[in-house]
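**Q** These are the residues of each chain, in order.
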Amino acid sequence: MLHFQRWKLILVFAVVISGILFALPNLFPAATMARMPAWLPHKQVNLGLDLQGGAHLLYQLDEKEMVDDWLNTIRGDVRETLRRARIGYTDLALNSANRSVSVKIRDAADIDKAYGELRKLAQPIGGSVFSGFSGYDMDVARDGTDGVTLTITDVGLTHRMGSAIQASIETIRRRVDAFGTTEPSIQREGRNRVLVQVPGIQDVQRLKELIGKTGKLEFKLVDPSVNAAQVAENKQVPMGDELVFGNPPSGAPPGSPQIPYVLKSQVLVSGQNLVDAQASFDQRTGEPVVTFRFDAAGAKRFAMVTQENVGLPFAIVLDDKVISAPVIREPILGGTGQISGNFTVQEANDLAVLLRSGALPAKLTVIEERTVGASLGADSIASGKKAALMGLALVMIFMLAGYGLFGMFANIALIFNVALIFAVLSLMGATLTLPGIAGIVLTIGIAVDANVLINERIREEIRSGKSPYAAVDAGYARALVTIIDSNVTTLIAVLVLFWLGSGPVRGFAVTLTVGILASMFTAVTVTRLMVSYWLRWTRPQLIPI
Amino acid sequence: MFRGIHFIPPDTKIDFVGMRAITWIVSALLTVVPLILVATVGLNMGIDFQGGTLIEVKTKESPANLADIRGKVTGLGLGEVQIQEFGAPDAVLIRIASQPTEQQQQESIAKVKQALGDTVEYRRVEIVGPTISGELIASGTIAVVVAMLGILIYVWFRFEWQFAVAAIASLIHDVTGTIGLYALFQLEFNVSSIAALLTIIGYSLNDKVVIFDRIRENLRKYKRMPLVQLLDLSINETLARAVLTHVTTFLAMLPFLFFGGETIFGFALAMCWGIVIGAYSSIFVASPLQLILGVRRDAFSVSAAPAKGRGTAPARV
Numbered sequence: 001m002l003h004f005q006r007w008k009l010i011l012v013f014a015v016v017i018s019g020i021l022f023a024l025p026n027l028f029p030a031a032t033m034a035r036m037p038a039w040l041p042h043k044q045v046n047l048g049l050d051l052q053g054g055a056h057l058l059y060q061l062d063e064k065e066m067v068d069d070w071l072n073t074i075r076g077d078v079r080e081t082l083r084r085a086r087i088g089y090t091d092l093a094l095n096s097a098n099r100s101v102s103v104k105i106r107d108a109a110d111i112d113k114a115y116g117e118l119r120k121l122a123q124p125i126g127g128s129v130f131s132g133f134s135g136y137d138m139d140v141a142r143d144g145t146d147g148v149t150l151t152i153t154d155v156g157l158t159h160r161m162g163s164a165i166q167a168s169i170e171t172i173r174r175r176v177d178a179f180g181t182t183e184p185s186i187q188r189e190g191r192n193r194v195l196v197q198v199p200g201i202q203d204v205q206r207l208k209e210l211i212g213k214t215g216k217l218e219f220k221l222v223d224p225s226v227n228a229a230q231v232a233e234n235k236q237v238p239m240g241d242e243l244v245f246g247n248p249p250s251g252a253p254p255g256s257p258q259i260p261y262v263l264k265s266q267v268l269v270s271g272q273n274l275v276d277a278q279a280s281f282d283q284r285t286g287e288p289v290v291t292f293r294f295d296a297a298g299a300k301r302f303a304m305v306t307q308e309n310v311g312l313p314f315a316i317v318l319d320d321k322v323i324s325a326p327v328i329r330e331p332i333l334g335g336t337g338q339i340s341g342n343f344t345v346q347e348a349n350d351l352a353v354l355l356r357s358g359a360l361p362a363k364l365t366v367i368e369e370r371t372v373g374a375s376l377g378a379d380s381i382a383s384g385k386k387a388a389l390m391g392l393a394l395v396m397i398f399m400l401a402g403y404g405l406f407g408m409f410a411n412i413a414l415i416f417n418v419a420l421i422f423a424v425l426s427l428m429g430a431t432l433t434l435p436g437i438a439g440i441v442l443t444i445g446i447a448v449d450a451n452v453l454i455n456e457r458i459r460e461e462i463r464s465g466k467s468p469y470a471a472v473d474a475g476y477a478r479a480l481v482t483i484i485d486s487n488v489t490t491l492i493a494v495l496v497l498f499w500l501g502s503g504p505v506r507g508f509a510v511t512l513t514v515g516i517l518a519s520m521f522t523a524v525t526v527t528r529l530m531v532s533y534w535l536r537w538t539r540p541q542l543i544p545i
Numbered sequence: 001m002f003r004g005i006h007f008i009p010p011d012t013k014i015d016f017v018g019m020r021a022i023t024w025i026v027s028a029l030l031t032v033v034p035l036i037l038v039a040t041v042g043l044n045m046g047i048d049f050q051g052g053t054l055i056e057v058k059t060k061e062s063p064a065n066l067a068d069i070r071g072k073v074t075g076l077g078l079g080e081v082q083i084q085e086f087g088a089p090d091a092v093l094i095r096i097a098s099q100p101t102e103q104q105q106q107e108s109i110a111k112v113k114q115a116l117g118d119t120v121e122y123r124r125v126e127i128v129g130p131t132i133s134g135e136l137i138a139s140g141t142i143a144v145v146v147a148m149l150g151i152l153i154y155v156w157f158r159f160e161w162q163f164a165v166a167a168i169a170s171l172i173h174d175v176t177g178t179i180g181l182y183a184l185f186q187l188e189f190n191v192s193s194i195a196a197l198l199t200i201i202g203y204s205l206n207d208k209v210v211i212f213d214r215i216r217e218n219l220r221k222y223k224r225m226p227l228v229q230l231l232d233l234s235i236n237e238t239l240a241r242a243v244l245t246h247v248t249t250f251l252a253m254l255p256f257l258f259f260g261g262e263t264i265f266g267f268a269l270a271m272c273w274g275i276v277i278g279a280y281s282s283i284f285v286a287s288p289l290q291l292i293l294g295v296r297r298d299a300f301s302v303s304a305a306p307a308k309g310r311g312t313a314p315a316r317v
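Chains as they are written, first to last, in our numbering: chain A, 1 to 545; chain B, 1 to 317.
Hint data in this document are derived by calculation from the structure and do not stem from the laboratory. Please note that the accuracy of each hint is not assured.
Said to hold, decoys possible - In silico lysine to any residue, SDA-like type, Cα no more than 25 Å apart, as pairs:
no., chain 1, residue 1, chain 2, residue 2
1, B, K113, A, N247
2, B, K13, A, E460
3, A, K466, B, D11
4, B, K111, A, F245
Modelling step: build the complete structure from the supplied sequences, incorporating the hints.
**A** Quick look at the structure:
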């Protein structure tokens with residue numbers, strides 16, 4: 001056990017030296033590292049949100065709303081399909097509990113034809129290249145002699161949920177990018193969730209407002225024939241119209257009631273036709289506005305509508321709220337326009353971001369939020385560092401007292417161990433959290449345990465009368481089995497922790513795993529190397545242990 | 001040359017297993033009393049597990065005017081509100097009960113911010129909705145159970161079923177004992193507490209495996225020694241290691257208790273306690289359980305033939 005082959009020797013040195021080299025950047029502030037020559041490693045350990053401050057927001061997509069939207073679309077498609085096929089129908093109904101739309105066909109003779117036409121509405125779902133065809137997004141079935149029911153399948157829902165989440169992630173990313181923070185992370189969690197983590201963000205409220213808005217922009221005509229205030233009072237909205245509210249004007253005293261508008265339900269142009277939106281200032285009044293540009297189709301429709309309705313007001317509606325309702329002074333033919341709504345500069349900016357990023361496919365709700373201020377993070381780093389260094393110092397003093405020279409070997413290995421942990425964490429791009437720092441300290445305890453096991457074994461072997469070499473050799477060999485067994489059991493618990501945890505807890509699991517693996521190398525192999533060279537050089541008659 | 005202090009003399013002959021009449025009672029109390037505590041006093045469930053809002057603020061004046069903050073926040077009609085000092089005179093922790101919907105949960109924080117205005121700096125805000133808190137309870141429980149099962153299988157595979165059962169029984173003892181600590185001191189029980197429990201499980205097991213290893217070795221070595229004596233011998237032989245390891249790990253963790261800050265205090269306390277209770281259960285629960293479970297003497301005789309790396313050959317230096 002004490003003989004090292006040359007290649008092993010080189011390997012051990014290589015690992016230890018690169019460990020130190022890759023751990024070093026963590027000792028210097030980022031600014032100092034930037035001035036270092038390029039060939040030196042620069043990567044530092046990422047600090048978790050609890051250490052550098054930031055926001056952790058877990059969003060859940062409203063599944064019910066998404067299903068209801070979809071069912072509405074299906075109902076529209078059924079109506080359209082049957083009308084085009086000239087088939088009479090009744091009782092077109094929507095059942096959101098069963099995720100289905102049902103319809104009755106007037107003439108029993110048409111039922112086969114109707115069934116055939118409606119079946120075409122179901123779309124096959126491709127799955128992936130490997131899984132191939134995995135079913136239809138809806139199940140179209142005959143219902144009695146005269147009915148047809150279209151039911152959304154589980155596969156279909158899962159598929160649509162997947163695309164909706166994907167689209168949400170893209171949209172959220174564009175919105176978060178507007179804050180210009182470094183390395184925000186936006187990822188899917190489970191079936192219908194998105195986890196947004198933004199390190200270092202100060203204004204969490206604004207972030208939440210920007211992400212939480214659906215961002216559905218619609219242009220609608222105001223119905224000039226009715227009195228909106230009256231409609232708001234008696235709640236009698238004319239057919240084809242809808243009642244929508246908007247914020248009171250800027251001059252109004254705080255707490256003023258919302259202004260009602262009666263709009264024609266038909267959407268003239270929607271945000272989907274938008275290709276760009278920018279915050280700028282009105283050339284005449286100098287107030288902050290948002291200018292936008294439509295794509296070709298949108299521009300054409302907008303030109304047509306404005307030509308036909310000069311002199312009438314239209315409303316710009318965002319998420320079912322009127323932003324402004326200007327009067328069309330002249331036809332807008334160029335496909336560009338501006339929205340003014342008594343914005344502050346920041347509001348105009350945020351609205352532009354919202355419009356540029358596109359609408360979310362469904363409403364997102366925050367179900368978990370954890371934000372840490374930068375000052376608390378800095379305090380946590382300071383106290384974590386202090387506690388860890390004190391812990392390390394206490395352990396080293398104790399080991400030195402307990403084992404003398406062999407304690408010294410263990411202590412040197414311990415420093416390599418800590419260096420290796422930081423090196424691996426830096427290279428992995430892993431995140432260090434406050435519990436993670438505690439994890440490193442716990443690893444120190446476990447790493448030292450390996451040396452305690454070895455040293456106690458050596459003492460036993462010496463007592464049983466073995467020569468120094470044989471005692472050390474046997475000590476290492478026998479302790480190794482125990483060290484591996486005990487570390488594997490610890491790793492089992494830690495892996496479960498990794499699998500369960502998120503955020504700080506997962507950070508703890510990562511550092512502990514890396515630490516235990518590194519400790520098996522430093523506490524066993526590295527100390528063995530030191531001890532074997534020491535034996536070779538000093539040829540002691542007695543082992544001072 | 002300095003040989004190091006031998007804290008524990010090499011030839012201790014403490015009759016650990018002989019004390020089992022007393023230690024069984026102690027162990028039973030350590031397992032049952034926490035359960036009674038949890039049933040009567042209850043755990044101080046953090047927002048992770050019951051949902052709600054937690055806000056840590058730093059006031060501009062020191063010490064903070066708790067009564068003033070309490071008055072402002074209680075007036076908002078958000079249900080149960082707890083206000084307490086948190087580690088420093090100008091640090092205040094505000095806890096608000098779970099609101100009926102996620103939407104109201106979000107509104108509650110806006111209301112608090114409006115009520116407190118600029119008089120405080122917001123250091124930490126945590127909002128856990130009802131959906132997540134239910135899931136966290138489930139996943140926390142599953143994690144502890146899965147970890148135990150994994151360990152059971154590994155120990156069974158490496159040793160014998162008696163060792164696996166003894167290990168799990170003593171781990172349950174450690175877990176309930178630690179939960180008792182949370183109940184006794186009303187420490188907040190949250191996701192990091194589950195992390196602490198799992199770590200204690202891992203660490204405590206580490207310790208048991210060391211003794212099991214020695215028992216296995218001695219079973220091979222002393223074929224005729226009575227089991228009681230053999231267990232005592234194994235514990236005594238590993239005693240020096242146990243004491244040194246636990247003291248070092250405890251020393252490493254101790255500064256976190258005093259200097260790690262409030263957020264990690266509960267975790268550090270649980271870890272320190274876990275080291276103590278784990279050390280206790282290795283000696284007084286896991287080992288004597290072998291007597292009851294009746295480990296087979298011949299269990300390891302097959303592999304008793306020259307085990308790998310016994311290392312009696314002279315070292316090639």
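**Q** Of all the hints numbered above, which does this structure not satisfy? Sort the numbers upward.
**A** none
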